[in-house]
Amino acid sequence: NAGVTQTPKFQVLKTGQSMTLQCAQDMNHNSMYWYRQDPGMGLRLIYYSASEGTTDKGEVPNGYNVSRLNKREFSLRLESAAPSQTSVYFCASSEWRGELWPQHFGDGTRLSIL
Amino acid sequence: AQKITQTQPGMFVQEKEAVTLDCTYDTSDQSYGLFWYKQPSSGEMIFLIYQGSYDEQNATEGRYSLNFQKARKSANLVISASQLGDSAMYFCAMREGDAGGTSYGKLTFGQGTILTVHP
Numbered sequence: 110n111a112g113v114t115q116t117p118k119f120q121v122l123k124t125g126q127s128m129t130l131q132c133a134q135d136m137n138h139n140s141m142y143w144y145r146q147d148p149g150m151g152l153r154l155i156y157y158s159a160s161e162g163t164t165d166k167g168e169v170p171n172g173y174n175v176s177r178l179n180k181r182e183f184s185l186r187l188e189s190a191a192p193s194q195t196s197v198y199f200c201a202s203s204e205w206r207g208e209l210w211p212q213h214f215g216d217g218t219r220l221s222i223l
Numbered sequence: 120a121q122k123i124t125q126t127q128p129g130m131f132v133q134e135k136e137a138v139t140l141d142c143t144y145d146t147s148d149q150s151y152g153l154f155w156y157k158q159p160s161s162g163e164m165i166f167l168i169y170q171g172s173y174d175e176q177n178a179t180e181g182r183y184s185l186n187f188q189k190a191r192k193s194a195n196l197v198i199s200a201s202q203l204g205d206s207a208m209y210f211c212a213m214r215e216g217d218a219g220g221t222s223y224g225k226l227t228f229g230q231g232t233i234l235t236v237h238p
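Chains as they are written, first to last, in our numbering: chain A, 110 to 223; chain B, 120 to 238.
Keep in mind the hints are simulated off the structure, nothing from the lab.
All figures in this text were calculated on a predicted structure; none of them were measured in a lab.
A partial selection of chain B residues facing chain A, derived with a Cβ cut-off under 8 angstroms: (1) Gly152; (2) Met164; (3) Phe210; (4) Arg214; (5) Leu226.
Beta carbons are placed, not taken as given, at the ideal position from N, Cα and C, and that holds for glycine.
With the hints as extra help, turn the sequences into a complete structure.
Here you go:
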């Protein structure tokens, strides 16, 4: 019963390096999301994918790209990492169940950029 | 302007007592949803309770209840009979727009409140 799986769990990068964060869900959900969590800021939406084949910007998309590889997988790429992107990144998935749209979160990826 | 405001960075409560965590929101949509999530020190996000904007009754889930005051745009979480395991960060979040339309379940989160339960 995996739910939402994120890899890696921890990563340290140097400024300017690139990296892809992977996310996969096994609940057959149509919608997937990437959030970042900074101290004192709560979670902020970076990008989301309403359904397979579509992606849209969220609140803080600058410096990131995403790919909805298939219905299960939604990856987040940092092309040229910057110290300001040091954060905890959460992937989530959801499906319409009336109003609730229950969101299932992964365990997060702690990313440090030196 | 902040869409979700949690004004209490930290709260303390004695075990077995009740505690209220504040949340105010700002939206011009008529249809929206309000959520509370718990984040323990281990980091995972745990869904606690949901209130729809058209729900006339306050939501309840076990020891959790949501004090929804629509005119004041507040959605406070009440935890009754606090337990040591309730110590965590708590986030209020909002989904704006029609649930079946283009909201696609996107959430806006507040800054969070750290709750500490003392024995």
